[in-house]
Amino acid sequence: MESIIHLEKSVSRSPSELMKLSRRQLLKRSLAVCGGYALGGSFLAASDAAWAMELKALSPESMATLIQMARDIYPHDSFGDALYAAAVKGHDDTAAGDAEFKQMIEEGIALLNNNAMQAGNSSYVDTGWESDRVALLKGIEDSTFFSTLRGGLVVGLYNQPAVWEKLGYEGSSFEKGGYLTRGFDDINWL
Amino acid sequence: MSAPFDLTDDSVVVIIGTGAGGGVLANELAQKGISVVALEAGGRHLPQDYINDEWPSFGQLAWTDMRTTSGSWQVAKDFPNLPAWIVKAVGGSTVHWAGASLRIQEHEFRTKTEYGNIDGANLLDWPITLADLEPYYEKAENKLGVTRTNGIEGLPGNNNFKVMKAGADKMGYKNCHTGRMAINSAPRDGRAACQQLGFCFQGCKMGAKWSSAYVDIPQGEATGNLEVREHAHVLKIEHDNNGQVSGVLYADKDGNQHLQKCRVACVAGNSIESPRLLLNSASSMFPDGLANSSGMVGKNYMRHMTGSVYGIFENPVHMYRGTTMAGIITDESVNNPDRGFVGGYEMETVSIGPAFTAAFLNPGAWGREFAASMDSYTNMAGMWLVGEDMPQESNGITLSDEKDQHGMPAANVHFDDHPNDVAMRNHAYKQGMALYDSVGATQTLPTPPYPSTHNLGTNRMSAKPSDGVVNKHGQSHDIKNLFVSDGSQFTTGAAENPTLTIVSLAIRQADYIAEQMSSKGL
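Residue numbers (the working numbering), protein chains in the order written: chain A, 1 to 190; chain B, 191 to 712.
If we strip away everything but chain A, and leave its shape as in the complex, we get (with noise of 0.2 Å):
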């Protein structure tokens, strides 16, 4: 799973220059879009340049727009971006193998996008509560696009070790002996 997650020193570029670039095109949100076909493709970037990501096949705009999907269907304030763009990255290289599934994406993100002008803001990610975004999302919840999502962040998302750490799980243990002598019964407030 970390294989996905392009960290920034697997971009060819200093940090210093992906911030120029992320200066060309950024999003209101936490997010930098990056254009550009410099790297032989496009690709996203935190706008702290805490991570970057490369595209093959969707726009920044529309890897944007899962991250943040991602996090409304999950909304986990203690995961930084780096998980969720981590959730959502497999989409962008199952896009770039079929055509046909990068179409059902853009053309689920552009009805997501046509749902939030007419509700008065110029996009989903530019739609400001967490509440309104998911009126939005329970409005295309029965749509191919929706349930793919969805359904891809169950192991996307909650596969990831990281995660699993923030949760506090701590995992695999025959290599540590098992949990015998490691609070197997330690509970105190019994």
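There could be a bad hint or two in this list.
[Unchecked claim] Examples of chain A residues toward chain B, derived with CB under 8 Å:
hint, residue
1, ILE73
2, VAL163
3, GLY177
What the hints contain is simulated information worked out from the structure, not anything from laboratory work.
C-beta: ideal position from N, C-alpha, C; glycine also.
Model the placement of chain B on the given structure of chain A, informed by the hints.
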């Protein structure tokens, strides 16, 4: 003759499947000097291969061949192509079982008599009694090393158990302990003691839990009388002009087909695959499938009434530390129709990691409520509710329009809850939630059934040939050298986890087959 055996050797017993039924039967027959070829659809994974990580382990072990679903059960909506969570590997589902080893209660062998006529239920008394099975339960408990039997100590209770026990005491339940488990509390029978790894469902890397994969199968192989063919996916059982089984057709890992001749065939592929195989083996002599003169092959599918309750507390529980099924309350397993349903249920601790919790806690749910539950993962305790469901003739396995990788019709699993199942589940949810509330839960989560792990009844045992598929020895009423050796022979489901009973029936069946072979009855 000793293993390996020739395809043309028609003196062998062919066993299809190597789990609790087939794996045990294979060893028991081999110990008696009988030549056995066991055909296993999956590969061989042993403790050193098991993975302490839920999804990779699922990829390694689970049966994920094409299956379809229908009916009003929630699994059909949540997991349309995964009706059951069972294993495709040597050892079958004994690789991932939790280890709970309970005997069926006396009255549960005669539910037609005990419960009376229940609308829509196809109840039937078993053709055997608890007394018939008791000697075999004793042998099975000794073989598996079941705690709280044979002088074996119970396992220590983990945090998840301690929450359950404190709640049980508050609720006035009298029978709560760390279970009768086929998990070593101390080294025994060449197997290590449990180190509380917390990955019972992923295959026990300690080998502390009994599994036919690394107990019965190697024991049988050591006799020289057992050959296990891995990645041998059985397509069809063939018969001769006299209507007796003559051989078993299977595809190897490259898809090449082979016909193994045999004297006897035993089907032990689980309650979904076994009836599917009998139906897929239809011929001009048996147009409705083998062993199906009663029309009951594939019918009366039971999956146990199940559900889970998770409780969230102010303080940490870390339910995942230690054995998955760490304790049990048996007070509700009695038949007390005053509760609004017949039959009973067990309450057993369960824990799953965050990856599976996300998938199974409330399938399809999203938003802040769901995420908040996940945020409370470490403060969560869990219990699984497992009880007797009603056999219904309309619930069952049929051949799907979809095909598997070998071009054979896949199984469709149809299930509707019986009103009795719904009433029992609602009662169980209420009791489970009240239990966690009694020890200070801040949230309780009544969680819907997971894909079925206890698949039962689709080739049921009956005294009369018109009522079921096999007799009291698991032998086909129609074809005397065809046996069913897995949980599909269960006449009714009872409240208890079925593995111990499947093992006991396999030991009993081995005695019968050996006796019949030596007396030329087979």
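Here's how the hints hold up against the structure:
1. ILE73: At about 5 Å, which falls below the 8 Å cut-off, the nearest Cβ of chain B leaves the hint on ILE73 (chain A) intact, so it holds.
2. VAL163: holds (7 Å)
3. GLY177: holds (6 Å)
The earlier numbered hints are all upheld by this structure, with none contradicted.
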